[in-house]
Structures are given as C-alpha cells and as structure tokens.
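Participant: One letter stands for each residue in the lines below.
There are 2 protein chains.
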Amino acid sequence: MAFTPATTEQRFVLDHVVRIAELANTERYSAASDDVVDAVLEGVGQLAAGEWAPLNRTGDTVGAKWTDRGVVMPDGFAQAYKDYVEGGWGTIGVEEEWGGQGLPFAIQTAVLDTLGSANMGFALCPTLTVGAIEALQHHGSPEQQALYLPHLATGEWTGTMNLTEPQAGSDVGALRATATPLGDGKWSIKGTKIYISFGDHDMAPNIVHLVLARTPGAPAGTKGISLFLVPKYRLKDDGTPGDFNDVRVVSIEHKMGLHASPTCVLSFGDNDDCIGELIGAELGGIRAMFTMMNNARLNVGLQGVQVAEGATQGAVAYALDRVQSARAGSPNKESVKIVEHPDVRRMLMRMKAQTQAARALVYYAAGQVDRANMGDHAARNRLELVTPLAKAHGTDLGNEVASLGIQVHGGMGYVEETGAAQYFRDARITPIYEGTNGIQAADLVGRKLGLDNGGAFAALIADIRAEAKDERLLALVDACEAIGRRLATADADDKLAASYPFLTMLSVATCGWLMERQGGVAGTDDFGRMKAAAVRFYLDQIVPEAMGLNAAATASAAVLYAIEPELFAA
Amino acid sequence: MAFTPATTEQRFVLDHVVRIAELANTERYSAASDDVVDAVLEGVGQLAAGEWAPLNRTGDTVGAKWTDRGVVMPDGFAQAYKDYVEGGWGTIGVEEEWGGQGLPFAIQTAVLDTLGSANMGFALCPTLTVGAIEALQHHGSPEQQALYLPHLATGEWTGTMNLTEPQAGSDVGALRATATPLGDGKWSIKGTKIYISFGDHDMAPNIVHLVLARTPGAPAGTKGISLFLVPKYRLKDDGTPGDFNDVRVVSIEHKMGLHASPTCVLSFGDNDDCIGELIGAELGGIRAMFTMMNNARLNVGLQGVQVAEGATQGAVAYALDRVQSARAGSPNKESVKIVEHPDVRRMLMRMKAQTQAARALVYYAAGQVDRANMGDHAARNRLELVTPLAKAHGTDLGNEVASLGIQVHGGMGYVEETGAAQYFRDARITPIYEGTNGIQAADLVGRKLGLDNGGAFAALIADIRAEAKDERLLALVDACEAIGRRLATADADDKLAASYPFLTMLSVATCGWLMERQGGVAGTDDFGRMKAAAVRFYLDQIVPEAMGLNAAATASAAVLYAIEPELFAA
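Keeping their order, the protein sequence lines are chains A and B.
For the first sequence, position 234 (counting from the first letter as 1) is numbered 234 according to UniProt numbering, and the numbering increases by one without interruption.
For the second sequence, position 526 (counting from the first letter as 1) is numbered 526 according to UniProt numbering, and the numbering increases by one without interruption.
Here chain A stands alone, though its shape is the one from the complex (with noise of 0.2 angstroms):
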C-alpha cells in the first residue's frame, strides 16, 4: 500500500496545536520559519515515501535477525537508513554547537512522525539515538559532548538506553548491573541487560549505549544507580571507533510485532573488558535517566500516532476500493465501495478522529518541550502534565486504531498480505514499553497531580475551560476537576485504583480540546471538511464516550481489595 506523508495535517498542528510561529519568534527558534518547516515536512515525506515505507512490509517478515556477527538488517535497511543520514534527517532538534540544526523539537516530533508513520519498526531507531543525544546534551561532559554528540546528532552512530534487567523490569532501582573504578577515571562495566532496541545492528559504524549500574557501596535502590556512557567499540584517539567493548548480544527476542526491530539481550563486560564513562554525577543515573526518559515518552506516545496514520491510510485506501453489497435502505441495488456502508464509515471516521486527537495530544506536548527548554517554568509543568497523557492514550489510540483497521479489511485484514495485521502487532508494545501506560496513569496521580500544589493541573483545566465551547467537553472537564480534587487528598490505593479512567477522561478532554481549537480554524477545502468532520465527531461521540469512565474514576479500590488474590484463581 502506498504509503502517503500527512503533511497538510502536520503543518495544519503545528500552526494551530502547537503554535510554532511563536516559536519563530524567538531567538532560540527564530530558524523555523514557515518556509522551514514546510522544507522539512516535505523532504522527510519523500524518503519516508520513496524508502522507508517499502520497507515496511520486509522489516515485519525478514526482520532483524541474529547471527555470530551480530544482528544483521533485513537487505535495503542500511542504504535507507545511510540516506536518512546523509539528508541531515537526524539532525533537526539537536543544538547547533554539535552539528545539530537547532530546529524546535516540535519540528523533530513531526520528522519521525512522518518516519515512523512510514516504518514505525525502523523510526524506532533513530528515535532511540535521540534519546541519547538528550542525556549527553543536559548531562555529558564536555569531552563527552565533543566526542560523541556530532556523530550521534547526524545518526552516523546510533544510540541505546539500558535500564531493564530481567529481575527489574518496571521497578528500575531494582537493578544489579554494576559499574567498578578502574583508577583512571573509567569504569569496568558489568551485567546483562534485556529488552535493549537497536541494542545492536549493521546499519552503523558504532552503537553508544547509555547504561545504569550500580558503583561500590551505593545505597540500594533508585538512589543508588549511576548512568554510564559504554560505547559497542572504544573510541582510538582520533575519536573514530577502534577496540570492541565486549558488549556481546546474546540473543533477540521473538515478539509479536516490530520484527524490524532487534530487541537485544546484551551482555557486559562477559571477559571483564567493557569499559564505560560516568555521565554526570555518581548515584545521579536516576536523574539523567529521566531526562533521556521523559522525551522517550513522549516519542513512544508518538509511535501511537505513527500506527494510527498508517493503519487509518490503509483501511481508507481499501474501503475506497472494495466493492461489497449494496447500500441498505437505497431503492439501488449494485454494489457499492464500502466506504458507503454507514458502519464502514463510523470506523474510518473514528479512525480519522482518534488519529487527529493523538497527533494533536502529542505535538501539543512537544511544544511544550520547546518553551520549557527556552526556561518557560509554566510550560515546563505543563509538559510533565501531559507526558503521561501523550504516552498512554497516545499509544491506547494507536492500538484502538489499528484494531479497527483491520475490523475495515474484514477476513483481509486478519491475512497478513494486507499489512492492517502489521499495524496491530506492531502498535502491541507501545502501551508496555518506556513505562506500562499503567505506570503512566500512576505517574499522573502520585506525581503530576500534585506538582507545583496542584497549580499544574489547575492551570491546564483553566486553559481548557477558557477556551472550549462545547457543552460535552465542558463536561467532561468539570468531571476531571472534581476527579483531580478528590483524588490529590485519597490514599495510595484509591488514587492507583481509579489513575487508568482518570487518565483516559484526562486525555480525551485534553484532545477534546485542542480538536475543538482546529475545528474553528479549519478551511473549507477538502482537508479543512474533513478536519471539521472529525472535529464534529469526537465532539458529539468520543467526549460523550469518556463521561462513561467517571463511575470507575470515582471508584474506591475497595472492590479490588474485598478479595484475597488467590481468588482470581478460583
């Protein structure tokens, strides 16, 4: 299936959700211009277009694969990602002093959105290089920066995170890798680490892997855990890579979906010669983790967005085409395209609906991003706010999605020649990785509820109900209050019980809003009836829709505990 780049929607977000020519007109940002931006979208278009979406297909059946040299791409995977590269793709969001362009990270949202909408298997790469490229940017010394910055923000080398250990999966301070001094300042790094993406390929010359272990006598613990820089091969002096690290795959993991991607179990220091750098401060691994993290969840939020546009692609392109019965209650009695059904056309209109919000919900967050990193104190709690939220419903619509991509395919879609099957294995993972979309929704409560004293999820519901309109959205937003209030003063259990539903109404009443904002300014072209449609559609369905979760939100845990667990056994 042809594979067609949203420009017009992302350009039509980024004035309007994320409101980018504020950003032009600043300083820091002053680069992104309209004819920028419009460069760039349409650039990333035709190699997401021209290469990456072919390769698609080949990435879910060949996939990564493992062997004695380590993980080999499936053919045509490193020419297309060497163009990526080499058409300076990597470089958007990255500071200028080390190569970067110094465009917004908006910007950079919309560039692997595109990417990833394409390939999202593939997109996952650099994405993860970009992940890195934040821990050493806020973290790195500057001999690291220079070392290794230019040639991660140009893609040349890709980056990893290492957290997870099989003993330590969601609860990261539960991890033992172990990081010992060597006298000269390195580290002799040992452990094994699982579920590592990209944690090796043939694609580039060097892999730096950003590890947490812990260092001799560290308290147990979260706080105990320092971040180390441990490259696959030892810079030589001239800072190209020279000497293996002893950093060995010990195999990939057979998974469901995202076949184009080799989730590694990688093994340190097996022969005692993996040699890593601290990054930052001893014990502040936690610290920096979360810097690499935050962004990471908002870009997996993002994934959603990616699965969701390709799957919304591939469904509208085959109702537009299969022809099947004849429309119910016309005096006609051909055949027509199934697009004419009405239940045909709620799902593609959900679809369109539920992809629009996401991409509104996570671009808004990126743009957030933006103004924290120019020191707006309100934007920065107000990004910490929705990062949960991007993450989860981001990656649940994405799911949401691709499922009735394939529900459109009927008995095609559960073949796999289609591709709608693709989509829905692969868009699996995202609501479990970089933090379960359960621990996003406890994120939401313990944490982001409270910050700033609640001034931050006051401010956000201020902003929505200054600017909505509709009376279901306002709803909504007067249930979420109410929510918010109670639970910022319930005990652990009550407030984890309901965080899933609370998260969800959140979220909708978030899209709801910044939907509605979109639904004012659209045109009347095609693209600007379709916007208004949809805009329509969640208003009067999907808000309505989310009122439903307000019993659960306001639930004690009482009922979750009025049993003991071995009765889920009975």
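It is possible that part of the hints are untrue.
[Said to hold, decoys possible] Dumping the calculated EDC-like pairs for lysine to aspartate or glutamate here, alpha-carbon to alpha-carbon at most 20 angstroms:
| # | chain 1 | residue 1 | chain 2 | residue 2 |
| --- | --- | --- | --- | --- |
| 1 | B | K65 | A | E417 |
| 2 | B | K337 | A | E564 |
| 3 | A | K469 | A | E481 |
| 4 | B | K337 | A | D171 |
[Said to hold, decoys possible] Label pairs and their in silico Cβ distance ranges:
| # | chain 1 | residue 1 | chain 2 | residue 2 | range |
| --- | --- | --- | --- | --- | --- |
| 5 | A | E471 | B | R517 | 34 to 44 angstroms |
| 6 | B | E86 | A | P54 | 46 to 56 angstroms |
| 7 | B | A458 | A | P331 | 22 to 32 angstroms |
Hints listed in this document are in silico derivations from the structure and should not be mistaken for laboratory results.
We treat Cβ as the ideally placed atom computed from N, Cα and C, and that holds for glycine.
Chain A is fixed; fit chain B onto it per the hints.
Facilitator: For chain B alone, kept in the frame of chain A given last:
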C-alpha cells in the same frame, strides 16, 4: 501454562443462567441430570487439560501446513482428535437417532467452551462439524441423514461451511459457484471458495463440505442460492469413503493467528469431476445456511469466551507469581507480587468480570436454542434477538480480555514465549468471521428489533426490568429501550450508524442482568466471593461505562455523510 477447566463457573452458569434444571425436567432433555452434567464437565475438562491444552502452542508455532498431499496438522493433533472422537465428545448435542446423546445445546456449548479455552484453533474443527450436523438434521433427506449424520455425530468425519468467494465476502448473494444437474439427481459442482476453516486436514478419513452454489437459471442474489453436500471422498455402496471427489486445496492463508486452523482456498471441480447432492429444496440455500450459521454465530461468540478464559488464566498465574516493586503507600518497601498493585488488580478484575459476562451471555443464548428446539416461540424470538449480541459482544470481550492479558504480562506479554500474545492474535479473527460484528449490529437493528412487531425486543427489556435491582443497570435498560424505539422507525442510514454502539449497550444491559442474578445467589466460598466481586465490579464500572455510548447510539448518520468519501483520504 497449565490450563484448568472452569468447571465450577460453568456449572454455576448452567444452573443460574441457563437454568439447566428446567431443561432436565422436560422429556426431551431428561438425560441432562445433575450427575450427567457434572460428568460431562469433568470428563471434557480432563481431555482439554491433558491433551488439547499442551498442543495449543504447537498449533501456533508449527501450525497446519499445506503440502502436495493436502493439509497436514502438527504432531499430536491427530491423536488428540481421535481421543475426542472416541470419548464421544462430538455426540453430546446430536439427536439420539443419529448416535448422539441428545443433550442440550447448552451442554455442548460448555464442552466446546472447555476444549476451545484449551486450544481455540483446534476446537474450531468440531465447532464446524456441529454446523454441518445442524444443517443436515434440519434440511437433509432421510438418506443423507442416514449416510452422513452418524459419522459426523461422532466427529469421525468433519464438516465445513463453504460460503465465501473472493468477490463475495459479506455479500453472500454475489457468489458464483455453480451446480449443474447430472440427470441422476446428483449435481456437478464448480467454483472456488475461500476462508474455508479446516477445509482440509489429516485427522479424519472424510470431510463433508456444505457448499452454496447457483443452479442453472437461478435468480441473482441470495434467492438464487442452493446448498449442496460435497464430500471430499464419495461414498461407496457400503457407505465408506471411496473415490476422490475433485475438491482441491489450492492454498492456505498466512494468518495473524489461529494457526492450528488451516484456512483453505478450495477449488471444486477443476477436472469436472466434483459431485454434490442438494440439501433441502433447490433455491432454499439461504434458509439452510441460516440454520447452519445461527448456531455457528453463537459458537463464534463462544470463542470470545474461550480466548478470554485462557488469557485470564494466564494473566492471573503470572500476576500471582511475578514479583515487582513495593506496594505504593505501604511502609513496607519489599517488592510484592504484581497482583498486589491496584492497577494490575483492576485489569485482572476486569478480565474476570468480562469473561464471566461473555460466558453468561453466550450460555444464555444457548439455553434459548434448547427451548426453541422444543417449540417455545418466545425462546425462539429471544434467541434471534440475542444471537447478534452473543456473537459480536462475546468476541469484542474476547479481544479486550486478551489485550489486557498482554498488558498484565508487561514486556513478557509481547514476547511470544509466554502465550499471552497468541490469545491476542487468535482472538482477532472472531469479530470478523461468521458475519462481521458490524453485520451483527446491522442484523440487530435491521431485522431483530422489528421481530414480532418489536415484541421480542420489548420482552427482553421487560424481563430485565422485572429482575434487575441495580439503579445504573436500570438506567442503562431505560436508555436501551428509548434507543430501540427510536431506531425502529429511523431511516436505514441512521439505524446503521447507531447500530454498533447500541449493540454494545444492549449487550451490557443483558450481561448486567445475568451477572446481577448470579451475584444474588453466589455463596460464601472462594468461588462465590470471586463471583460477587466480579459482579459488583461489572455493575459499578462496566455498566456505567456503556452509558457513555448513549451519545453515539442516539446520533444520526449526518456527521458520517457530511463529506464525500474521497475526503477520508484528504
């Protein structure tokens, strides 16, 4: 993962939802004594746990294979199928005249529930045989019945349903396969059928294909269709399989899941040597097909129950075993089993509640089959009304629960080895086949709401109201009644646009009724306490959630048709 048959739950639902004692008090089903029911549930549980469940993963990873000798099942399947046949498990619901046990359809439902919870793809084989048996019992000639039914009843021979053709998916009337009279009362069959589950395999000496085809001069559309019996091997004079009947497997589909079930493309009469017999009257095919499909729809709804049961057992076992993170708000900083975390409990409780709700709905419908078979007109109408609910909502719940099953497993859920992903992949076909869930919703608003002049719908609403006590449930029933009334006179587009959300609301109202009833008689043992908690969760959270669909179920189709279809691609 060890599979445990849900015997206690099944018995409870048979007692309180099906009210099996009422059936056992009739002459026809007097064999369904307490002892027999218990023996059946226990016996099939042993077969399922001991032989079928261990093959579930092989079915997925090895899968049925197309070879030039036909379709070959993975090792172990032929023996496990033989033990199913020899145990008499196929004969449960078949009339005694044909070697069956004449037990209620509801008991057969419990048998298939257990087998499919252990191995859904495998259980599809006997499920399809049941469809062939039903068609022959109702529409076959005495000779056909005598020759075929005894072999189908035991499962010694298996059955298939051949409806779909490449150009005729949901639109059965568009099919092109032909049947030409041979002059001796037999017909020459020619055509290609797709999506034929267990269209070929190596577990039985013969396969009985029921094939829809057009006879010469037949009118266009569904009125021109006849049903034919086409064995893989023609019967010799002694009734045993003889010559090959020119039914060839062209290929099998490469599907996302359900790999144990070969989905065949079958070519009939490539060499003009495929002979079939008419079942029932010429041009009576669509009526016979509905006989075959109606209960097949319930059996697909039952697959939703099966996959929900399996996924729930897997997630509960994992959550009772996996230790991760301390409990929030607890002074104790020791890591706990994840079942202790509120959001994990929420997911498990939802899985339990939705699995129980799906089972109640499908078993309830099965109980109406038995009453209808005894000539109860009201039960016949009730069955007609709840069949689309059981099929569509049962399968929707299977998908929801399977997705939650992955989420409970976290990263391990996305790795194929745990089996959580298989449930998710297997489940996804069920909202599609046997009439997509959209078609079920169309059936509900287009045919079933008007049944008996609206009397069938009014009777269901009245029955729920007469028994329900929960206020939120009663509010949902009120809403359903109002929507049903409006839709009865709405135009076709508005009806269909609202059909899916209405189907969900009415399904939840029906499930809520049956759940509340169970809660009222749950004991104080472990099973009873789990039941009571699941019922409370269902009424507290899931019933109000369905009310959130009221806006969509009362919306007109206008928003969907405000744009030209091409704008979906804008």
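Participant: Could you run down the list of hints and mark each one as holding or not?
Facilitator: Okay, the hints, checked on the actual structure:
{"no.": "1", "hint": "B:K65 / A:E417", "result": "holds, 18 angstroms"}
{"no.": "2", "hint": "B:K337 / A:E564", "result": "holds, 12 angstroms"}
{"no.": "3", "hint": "A:K469 / A:E481", "result": "holds, 17 angstroms"}
{"no.": "4", "hint": "B:K337 / A:D171", "result": "holds, 12 angstroms"}
{"no.": "5", "hint": "A:E471 / B:R517: 34 to 44 angstroms", "result": "holds, 37 angstroms"}
{"no.": "6", "hint": "B:E86 / A:P54: 46 to 56 angstroms", "result": "holds, 53 angstroms"}
{"no.": "7", "hint": "B:A458 / A:P331: 22 to 32 angstroms", "result": "holds, 31 angstroms"}
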